[in-house]
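Participant: If you want the building blocks of each chain, they are given just below.
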Amino acid sequence: MTRKDAMTQFSGEIGSVQPRRIKDFLDRFLRSRGAGFGVAVLVVLLLTALTADVIAPYDPVQFQDADVLEQPSLRHLLGTDQLARDTLSRVIHGARVSVQAGVGAVGFALVIGVFIGLLAGYYGGWVDDALMRLVDGFYAFPLLLLALAIAYSLGPGLNNTLLAIGVGFTPHFARLARGQALSVREREFVSAARVTGAQPWRIMAYHIWPNVTAAIIVQASLLVGQAIITEAALSFLGLGVEPPTASWGSMLKVGYQYLDRSPVLSFAPGCAMFVTVLGFNFLGDGLRHALDPRLWQRGVA
Amino acid sequence: MGRYLLRRIVHFVPVLFVVSLIAFTVTLLLPGDAALAMLGESNIHDKVAYEAMRTELGLDQPIPVQYAKWLGRALTGDLGRSIRTGEPVLEGLLARLPVTLQLTAMVMVLALMFGLPLGIVSALYPNSKADTVTTVLAVGGAAVPDFWLGILFIYFFALWLRVVPPSGYVPLTEGLWPNVRSMLLPALSLGMYLTAITMRQTRSSLIEVMQQEYVTVARAKGLRERVVVMRHALKNALIPVATVIGLQVGRLFGGAVVVETIFALPGLGRVAANSIFFRDFPMLQGAMLVMAVGVLAANLLTDLLYAFADPRIRYT
Chain A
1 MTRKDAMTQF SGEIGSVQPR RIKDFLDRFL RSRGAGFGVA VLVVLLLTAL TADVIAPYDP
61 VQFQDADVLE QPSLRHLLGT DQLARDTLSR VIHGARVSVQ AGVGAVGFAL VIGVFIGLLA
121 GYYGGWVDDA LMRLVDGFYA FPLLLLALAI AYSLGPGLNN TLLAIGVGFT PHFARLARGQ
181 ALSVREREFV SAARVTGAQP WRIMAYHIWP NVTAAIIVQA SLLVGQAIIT EAALSFLGLG
241 VEPPTASWGS MLKVGYQYLD RSPVLSFAPG CAMFVTVLGF NFLGDGLRHA LDPRLWQRGV
301 A
Chain B
1 MGRYLLRRIV HFVPVLFVVS LIAFTVTLLL PGDAALAMLG ESNIHDKVAY EAMRTELGLD
61 QPIPVQYAKW LGRALTGDLG RSIRTGEPVL EGLLARLPVT LQLTAMVMVL ALMFGLPLGI
121 VSALYPNSKA DTVTTVLAVG GAAVPDFWLG ILFIYFFALW LRVVPPSGYV PLTEGLWPNV
181 RSMLLPALSL GMYLTAITMR QTRSSLIEVM QQEYVTVARA KGLRERVVVM RHALKNALIP
241 VATVIGLQVG RLFGGAVVVE TIFALPGLGR VAANSIFFRD FPMLQGAMLV MAVGVLAANL
301 LTDLLYAFAD PRIRYT
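So the protein sequences, as listed, match chains A and B.
Residue numbering for the first sequence follows my numbering, beginning at 1 and increasing consecutively.
Residue numbering for the second sequence follows my numbering, beginning at 1 and increasing consecutively.
I should point out that these hints are in silico values taken from the structure, not numbers from a laboratory.
Even glycine gets a Cβ: it sits at the ideal position worked out from N, Cα and C.
Keep in mind that the hints are not guaranteed to be accurate.
[What the hints assert, rightly or not] Facing chain B, a subset of chain A residues (Cβ under 10 Å, in silico):
(1) A233
(2) L259
(3) N281
[To be verified] Have a look at the derived ranges for each label pair, beta carbon to beta carbon:
(4) A/P200 x B/E225: 53 to 59 Å
(5) B/S128 x A/R261: 43 to 49 Å
(6) B/A37 x A/R261: 49 to 55 Å
(7) B/L301 x A/F37: 36 to 42 Å
(8) B/L28 x A/N159: 19 to 25 Å
(9) A/V127 x B/S128: 48 to 54 Å
(10) B/E225 x A/A205: 29 to 35 Å
(11) A/W126 x B/R231: 55 to 61 Å
(12) B/T85 x A/V127: 41 to 47 Å
(13) B/R231 x A/N159: 54 to 60 Å
Work the whole structure out from these sequences, hints included.
Facilitator: Structure representation (structure tokens):
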């Protein structure tokens, strides 16, 4: 059986990344509630992050010619913070940090986690045992606590923060990839590949990975929102990006200190975060509906 | 069942070992010098005292030896002394544990109190107005960051309506109601996510169960719909709900780190957060260990409950 045959034969199965036609996939995706909203949020977020320098009305770290903690006005639509910086501009620039943290952390976890999971699932035996106990160990720690400790050990900065969150997310991908790999490795097309003398890495990359992708994509889109919240929580606690860089979490930290005088400082970054996470959750649900045949059959959505 | 139990407990041991290794390694990597921290500001230039302190803390020994000694002591319940307060770590953690456990318990009660009935209603009347409202609540509740919700609650209930104090903890010794009242906002903000996913899980698993043949049989027998749902369908539908809730303990502990900080609750979470900022390594190690063991225990309990509730599950 060639690789293409195998792909066609199993294309309808759970975990396959290739629905019969792209159109079917889009149909199912767009029919699921909120998927359009999810895409819209993603697009707006990415555009905001990319063009922050252009669309932000003021420099996010520059003190403005205004009072500190000014209330919203036409000049400063969301008012100013405790150092007279424009809140709206800081929310816009904060999108950058969130996008980087979300995508970076999930990307790191995906690469490492899927690698571990495929190894464990493909080889089984003691390799599986050793790797999965390691993964279980990391999984036992509450994500935020582990990320907090790692972020602090590594020192401040966005890269260290997303690494810390990524380590915390790795078990999710490892477990998922292992489970899928376990169920795929006994299939005929994998045995066939093995008989033809394919190397293990080749089997993993060309035969097992395509069958794992769908589940991984869904998981990834759902975790981006969690990564953004976790980054904000770390910044709120004083880790994460260093001042004066604007991030939604560090803005909330300031907003919390001045809650009685200027609640808009807390509302604005929080709302941005809420809508973003909402968008990614919708996106993930939509992808799941489009990629998971179990849900089409049941008719519940 | 007995063998399954045994296997699960045997499985527990290597994971615990890995957990201890991670807790030890992470704190090893933390910036700063424990011996210097122990000495305090005044003796910072005293070379002799510094070396003595390093020897006393065992820091002059190779790292594997340090780990083995630390693990050996940890197994007997000796997690060292807090650098900041000097109190034994285990004692300090156990004193704060009840606050976090109470918070977690209140969150679960809230999730069951609101999540279950709403999930049931929307499962029984899919695509009704009630279902739409519930789904919107569930989707929103799952997306709202718990600590932001906490800040909003403080603003609306404490600063604006002034019905509760903004933060602070009232111990149980001062009465049940004052105690519960001081924990209500933290529990609500931490519990929103769990309530939302309880709602969602209840809805989807009840819908699935209601399509099964035995439910049709129960209806055909002429049982009232109430009895069919409450006595027949719900029993099976709740198994996955219980699993989902049980597996969220880790998330709740993590959320407690920041929610307890916002509301100034003297629980494990706040101790963990503070120990990082005060460079209190033994306390951080201890808090990580206690929380991870708590999560493992909760997961084990959930698995066992699951196996007990659903005899179809075979343990291989």
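Participant: To test your reading of the hints: which numbers does this structure violate?
Facilitator: 6, 10, 11
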